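Undergrad: Residue strings, one per chain:
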Amino acid sequence: MCRYDEFDHAFVAERVDQFRGQVARRVAGDLSEDEFKPLRLMNGLYLQLHAYMLRVAIPYGTLSATQMRMLAHIARTYDRGYGHFTTRQNIQYNWPALADVPDILDDLASVEMHAIQTSGNCIRNTTADPLAGVAADEIEDPRVYAEIIRQWSTLHPEFSFLPRKFKIAVTGAPNDRAVTRGHDIGLRMHRDLQGNPSFEVMVGGGQGRTPILAKTIRNFLPVEHLLSYLEAILRVYNQLGRRDNIYKARIKILVQSEGEAAFAEQVEAEWQQIHNNAPGALDLPEAERNRIAAYFAPHGYADLPKQSPILDAALDTDPAFAAWVESNVQGHKQPGYAIATISLKPHGGIPGDASAGQMDAVADLAERYGFDEIRITYKQNLVLPDVPKADLHTVWQELVDLGLGTANAGRISDIIACPGLDYCNLANARSIPIAQRISERFTDLQREREIGDLSLNISGCINACAHHHVANIGILGVDKKGVEYYQITLGGVADENAAIGAVIGPAFEEHQIADAVETIVDVYLNERETDERFIETYQRVGPQPFKEKLYATD
Amino acid sequence: MSIPIPKTIKKTQITTAQAVTANRLSDGAVVYLTDQNTWSAEIDDCQIVNDQGVAENFLSLTQELSGGLSGGDQVVGTYLFKVQLDGGRALPLSRREIIRTTGPSISFGATAAPKQPQI
Numbered sequence: 004m005c006r007y008d009e010f011d012h013a014f015v016a017e018r019v020d021q022f023r024g025q026v027a028r029r030v031a032g033d034l035s036e037d038e039f040k041p042l043r044l045m046n047g048l049y050l051q052l053h054a055y056m057l058r059v060a061i062p063y064g065t066l067s068a069t070q071m072r073m074l075a076h077i078a079r080t081y082d083r084g085y086g087h088f089t090t091r092q093n094i095q096y097n098w099p100a101l102a103d104v105p106d107i108l109d110d111l112a113s114v115e116m117h118a119i120q121t122s123g124n125c126i127r128n129t130t131a132d133p134l135a136g137v138a139a140d141e142i143e144d145p146r147v148y149a150e151i152i153r154q155w156s157t158l159h160p161e162f163s164f165l166p167r168k169f170k171i172a173v174t175g176a177p178n179d180r181a182v183t184r185g186h187d188i189g190l191r192m193h194r195d196l197q198g199n200p201s202f203e204v205m206v207g208g209g210q211g212r213t214p215i216l217a218k219t220i221r222n223f224l225p226v227e228h229l230l231s232y233l234e235a236i237l238r239v240y241n242q243l244g245r246r247d248n249i250y251k252a253r254i255k256i257l258v259q260s261e262g263e264a265a266f267a268e269q270v271e272a273e274w275q276q277i278h279n280n281a282p283g284a285l286d287l288p289e290a291e292r293n294r295i296a297a298y299f300a301p302h303g304y305a306d307l308p309k310q311s312p313i314l315d316a317a318l319d320t321d322p323a324f325a326a327w328v329e330s331n332v333q334g335h336k337q338p339g340y341a342i343a344t345i346s347l348k349p350h351g352g353i354p355g356d357a358s359a360g361q362m363d364a365v366a367d368l369a370e371r372y373g374f375d376e377i378r379i380t381y382k383q384n385l386v387l388p389d390v391p392k393a394d395l396h397t398v399w400q401e402l403v404d405l406g407l408g409t410a411n412a413g414r415i416s417d418i419i420a421c422p423g424l425d426y427c428n429l430a431n432a433r434s435i436p437i438a439q440r441i442s443e444r445f446t447d448l449q450r451e452r453e454i455g456d457l458s459l460n461i462s463g464c465i466n467a468c469a470h471h472h473v474a475n476i477g478i479l480g481v482d483k484k485g486v487e488y489y490q491i492t493l494g495g496v497a498d499e500n501a502a503i504g505a506v507i508g509p510a511f512e513e514h515q516i517a518d519a520v521e522t523i524v525d526v527y528l529n530e531r532e533t534d535e536r537f538i539e540t541y542q543r544v545g546p547q548p549f550k551e552k553l554y555a556t557d
Numbered sequence: 079m080s081i082p083i084p085k086t087i088k089k090t091q092i093t094t095a096q097a098v099t100a101n102r103l104s105d106g107a108v109v110y111l112t113d114q115n116t117w118s119a120e121i122d123d124c125q126i127v128n129d130q131g132v133a134e135n136f137l138s139l140t141q142e143l144s145g146g147l148s149g150g151d152q153v154v155g156t157y158l159f160k161v162q163l164d165g166g167r168a169l170p171l172s173r174r175e176i177i178r179t180t181g182p183s184i185s186f187g188a189t190a191a192p193k194q195p196q197i
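Just so you know, the protein sequences line up as chains A and X, in that order.
Count along the first sequence from 1, add 3, and you get the number used in the numbering used here.
Count along the second sequence from 1, add 78, and you get the number used in the numbering used here.
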């Protein structure tokens, strides 16, 4: 895990002190709200429907047990005993008092965390594959590059006031678990023709009212040129991106209006100019990459056999555990170890929420069974990335006691949901109760297993924070004359085969939406061929069978 | 806190009843402007305005005045919202304002009790 250097410590401490003064001046009436608002947003503090909301960055989704305990402490001390993990590897607190926020930021700084660049028109928290460093399919650990981007982008003077917010995601594996095509810049690692690690650079992805998948503008970017190339992209965006219309300000609109090829040409020209003006100045020397990579060096894994008799015996005798292993446990690159997903989607629960007690308990588990590390996923779940196979049964039993043992990772009740109208100032409709209602329909784990892998995301407005456009089943809440309606899209995909879903038909009322999802599932089960996943069936049969059942008139 | 709103503002067209709301600066809590021109966390205390012109003047004066307040009386983001009257009580019309009045429609934090999985 990366550690702050002296600069980082001093910088974060200085920012907290500045914000403490800004809060004091606001409360004293020396700053107006118009003057204060951009300052609080620069520190991740939003004002929502009922209260402030503080968004805290979890760089590349990696936490130590100590950091997780601090998040629990903040939830318990300053909030209402819980936090909400988001798709972009942040945690949000829904009820902090303004006067407490400087103290919260101080506490975060004590464990090398902050809320800087979690809001505003800047480069946001760079996200990464939550299985970084442990996935069997990985070429290189993407956190090394995410950390380099973090250092480069933090308070970058040229990119602190972009036309609009800017999100970057990095994966070091060909299998995409970071939704790279859904970001302003997506970086996916491949080996080039000589076998060297290099990045496929994708630009102009995003959700919102205009969902667009990022376009590849370079297939193989040598890793040493990462920063100069990013700088070139950001410069073109900064120069040409629209500032006159917030709805057309994201880079996806620029790429679309310029055309993919023309945009790529401009980036290449800018990149050449960067090289000409200061040859090599932004190159990443191998020694520096290695220095940062050392922070993410593999743990001191024990030399364990590939098979664990203890695990095998538990799988034979405990079907509930076997079901959890089937859905929530993935292969690890190190023999004898496994990657365990902790579902934050108990049936009927709030997607992504964890209590302070649960956070503390997960920190304990990470210390005892997982080299002190926890990951936050795009799916709003947690991961223990390094569990010895022999300990999996014990870990699961403890998770069940904590209400965290649901065997549904990747299944239909593993729903991504934004806070929606229950909290969010921008929302038009509620997301959480809809997620709860749908997940309650699928409490029978046998049925969930039968349905298999299926993503279902619910957004409470067109801003699409829950990425409903790239879900197999996407649900968008809309307001029609004061009544909540829910529009369904089918066919979205968030992985390396990313696709935008298509609207299936007229929206449903709140009381109809869970039935509509059941209908979609029934059509799928009826139409599917052996071992076909939902998305494969949908891509084969198209929307018509779903439409016919959903809008049958009899 | 008292906000000196003029009592005599020229009446224009009659529209739906409205009230003024905001978020309290100190904690973001939802507050309503009262008959005494103070802020209250209870919607039952809100001052109801039936005249659109009065309401708009009312709002702009409130916004102007709230900018100069200090301490615990400060509010952020004042605006008008529509209400209906039920036995003299103001009930917000939109889902958004209902949720602002009553809080999240879901149990959260310690009060949330998700079901255990059925195996």
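Rather than coming from a laboratory, the hints here were simulated on the basis of the structure.
Owing to the predicted nature of the structure, the values given are computational and were not obtained by experimental measurement.
It is possible that part of the hints are untrue.
[As the list claims (entries may be wrong)] To be clear about the criterion: a stretch of chain X counts as covered by chain A if any three or more of its residues have a C-beta under 8 Å from a C-beta of chain A, and this derived list gives those stretches:
id : region
1  : 109–116
2  : 125–135
3  : 157–170
[To be verified] Below, simulated DSSO-like cross-link-like pairs (lysine-lysine); rule was C-alpha separation at most 27 Å, straight line:
id : chain 1 : residue 1 : chain 2 : residue 2
4  : A       : Lys552    : A       : Lys483
5  : X       : Lys160    : A       : Lys550
6  : X       : Lys160    : A       : Lys483
7  : A       : Lys218    : A       : Lys309
8  : A       : Lys309    : A       : Lys251
9  : A       : Lys550    : A       : Lys484
By construction, the Cβ of each residue, glycine as well, lies at the ideal position given by its N, Cα and C atoms.
Undergrad: Next, verify each hint and record whether it holds.
TA: Hint-by-hint comparison with the structure:
Counting residues of the region 109–116 of chain X whose CB lies closer than 8 Å to any CB of chain A gives 0, which falls below the minimum of 3, so the coverage claim is violated. Counting residues of the region 125–135 of chain X whose beta-carbon sits less than 8 Å from any beta-carbon of chain A gives 0, not enough to reach three: the coverage restraint is violated. For a cut-off of 8 Å, the count of residues in the region 157–170 of chain X with a CB near a CB of chain A stands at 0, and the three-residue condition is violated. For the given pair, Lys552 (chain A) sits about 24 Å from Lys483 (chain A) by alpha-carbon distance, which is consistent with the 27 Å threshold.
At roughly 38 Å between alpha-carbon atoms, Lys160 (chain X) and Lys550 (chain A) are farther apart than 27 Å, so this suggested pair is violated. Straight-line distance between C-alpha atoms of Lys160 (chain X) and Lys483 (chain A) comes to about 16 Å, which keeps the hinted pair within the 27 Å bound. Taking the CA atoms of Lys218 (chain A) and Lys309 (chain A), the gap is about 40 Å. The hint is violated against a cut of 27 Å. Simply put, Lys309 (chain A) and Lys251 (chain A) have alpha-carbon atoms about 52 Å apart, too far for the 27 Å limit, and the pair is violated.
In summary, the hint linking Lys550 (chain A) to Lys484 (chain A) is supported, as the alpha carbons are separated by about 25 Å, within the 27 Å threshold.
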